[in-house]
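Trainee: Numbering that gives the first Met the number 0 puts the first residue of the sequence shown at 0, with every later residue one more than the last.
Wrong hints could be hidden among the right ones.
Result set (DSS-like, lysine-lysine): computed pairs, CA atoms no more than 30 Å apart in a straight line [to be verified]:
{"hint": "1", "residue 1": "LYS38", "residue 2": "LYS126"}
{"hint": "2", "residue 1": "LYS126", "residue 2": "LYS1"}
{"hint": "3", "residue 1": "LYS38", "residue 2": "LYS1"}
In case anyone wonders, no lab produced these hints; they're calculated from the structure. These numbers were taken from a predicted model, which means no experiment stands behind them.
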Amino acid sequence: MKPFAYLRPGSVAEAVRVSAERPESHFLGGGTNLVDLMKLGVESPGLLIDVSRLPLDLVTPTDDGGLRIGATVRNSDLAAHPVVRERYPALSQALLAGASGQLRNAATTGGNLLQRTRCPYFQDTSKPCNKRAPGTGCPAREGAHRDLAVLGHSPDCVATQPSDMAVALAALDATVHLHGPEGERAVSATEFHRLPGDNPDQDTVIRPGELITEVVLPPPAEGAFSLYRKARDRASYAFALASVAAVLTVRDGRVAHAALAFGGLAHRPWRARAAEDVLRGAPATEETFARAADAELAAAEPLRDNGFKVALARNLAVGALAELTARADRSG
Numbered sequence: 000m001k002p003f004a005y006l007r008p009g010s011v012a013e014a015v016r017v018s019a020e021r022p023e024s025h026f027l028g029g030g031t032n033l034v035d036l037m038k039l040g041v042e043s044p045g046l047l048i049d050v051s052r053l054p055l056d057l058v059t060p061t062d063d064g065g066l067r068i069g070a071t072v073r074n075s076d077l078a079a080h081p082v083v084r085e086r087y088p089a090l091s092q093a094l095l096a097g098a099s100g101q102l103r104n105a106a107t108t109g110g111n112l113l114q115r116t117r118c119p120y121f122q123d124t125s126k127p128c129n130k131r132a133p134g135t136g137c138p139a140r141e142g143a144h145r146d147l148a149v150l151g152h153s154p155d156c157v158a159t160q161p162s163d164m165a166v167a168l169a170a171l172d173a174t175v176h177l178h179g180p181e182g183e184r185a186v187s188a189t190e191f192h193r194l195p196g197d198n199p200d201q202d203t204v205i206r207p208g209e210l211i212t213e214v215v216l217p218p219p220a221e222g223a224f225s226l227y228r229k230a231r232d233r234a235s236y237a238f239a240l241a242s243v244a245a246v247l248t249v250r251d252g253r254v255a256h257a258a259l260a261f262g263g264l265a266h267r268p269w270r271a272r273a274a275e276d277v278l279r280g281a282p283a284t285e286e287t288f289a290r291a292a293d294a295e296l297a298a299a300e301p302l303r304d305n306g307f308k309v310a311l312a313r314n315l316a317v318g319a320l321a322e323l324t325a326r327a328d329r330s331g
């Protein structure tokens with residue numbers, strides 16, 4: 000590991016000011032991803048700004064009935080929070096599907112959103128990678144890409160965003176709040192992560208010096224049910240081959256509201272707008288759900304070894320929507 004400086008700021012303003020002054024700096028929360036990348040030589044910050052002790056560790060209600068989640072709230076605490084479990088079960092399930100119990104005890108909300116890709120070429124500094132070193136190429140396209148993207152990828156990058164939590168936040172219409180040198184702003188969770196295009200080294204729309212301060216969830220839609228489902232190679236501590244977060248309201252046998260997001264398929268959580276258009280107002284049947292999933296996944300461009308992800312994602316979506324419909328029927 001290369002030498003680095005360490006600072007524990009006393010306020011958000013100080014953290015942002017120092018970050019703006021020191022472009023080689025990185026914010027440090029739980030460190031469950033950043034420290035690993037430092038050990039691998041992928042990241043080599045000159046300064047770590049430890050934000051884990053800042054007063055950003057609360058989960059509080061908003062005036063309109065939503066929920067405000069501080070950036071340093073630990074993943075395990077958020078998953079177990081009674082309001083999250085009762086009103087936003089997809090978020091709790093997504094958090095519990097990620098990593099291991101020990102890592103969830105350390106990982107933070109902000110850090111979870113800022114995870115870097117788990118592409119093997121990105122993590123191996125002996126290999127070229129456009130995400131790590133722009134312009135060097137993407138060997139994953141012809142190499143080991145079984146776990147990588149089938150939607151929204153580019154000739155320069157086929158990596159996937161690994162966060163389970165981010166997929167749930169996208170389906171729940173959350174907003175990510177940032178504090179930076181130019182002040183505060185909010186970005187929808189759906190737009191916070193980027194597609195790779197021709198600059199895949201930029202994972203998110205975050206600007207230099209900006210710090211995630213909180214995530215805000217709107218109040219759940221009336222009568223809505225939500226869940227998160229994940230397919231992976233082993234039962235725990237494995238990233239998604241495909242996952243889905245679904246929110247559904249059914250009235251009189253028809254879909255009154257639907258929100259769907261896929262994970263494991265793209266460089267960012269994939270909000271399934273085409274599927275939602277098919278679902279809205281349609282009969283709440285498996286035939287409709289399959290038609291909606293097919294409409295979304297028609298845009299998939301699988302590579303040599305990952306075409307199975309399309310069928311996997313389709314089955315996850317249909318199963319999740321059918322399960323939510325059954326819950327709605329049982330509720331009255």
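Trainee: All the hints need checking, so say for each whether the structure fits it.
Mentor: Status of the hints after comparison with the structure:
Of the supplied pair hints, the one linking LYS38 and LYS126 holds, its CA atoms being roughly 16 Å apart against a limit of 30 Å. Simply put, LYS126 and LYS1 have alpha-carbon atoms about 20 Å apart, close enough for the 30 Å limit, and the pair holds. Taking the CA atoms of LYS38 and LYS1, the gap is near 9 Å; set against the 30 Å cutoff, the hint holds.
In this structure, every one of the numbered hints holds.
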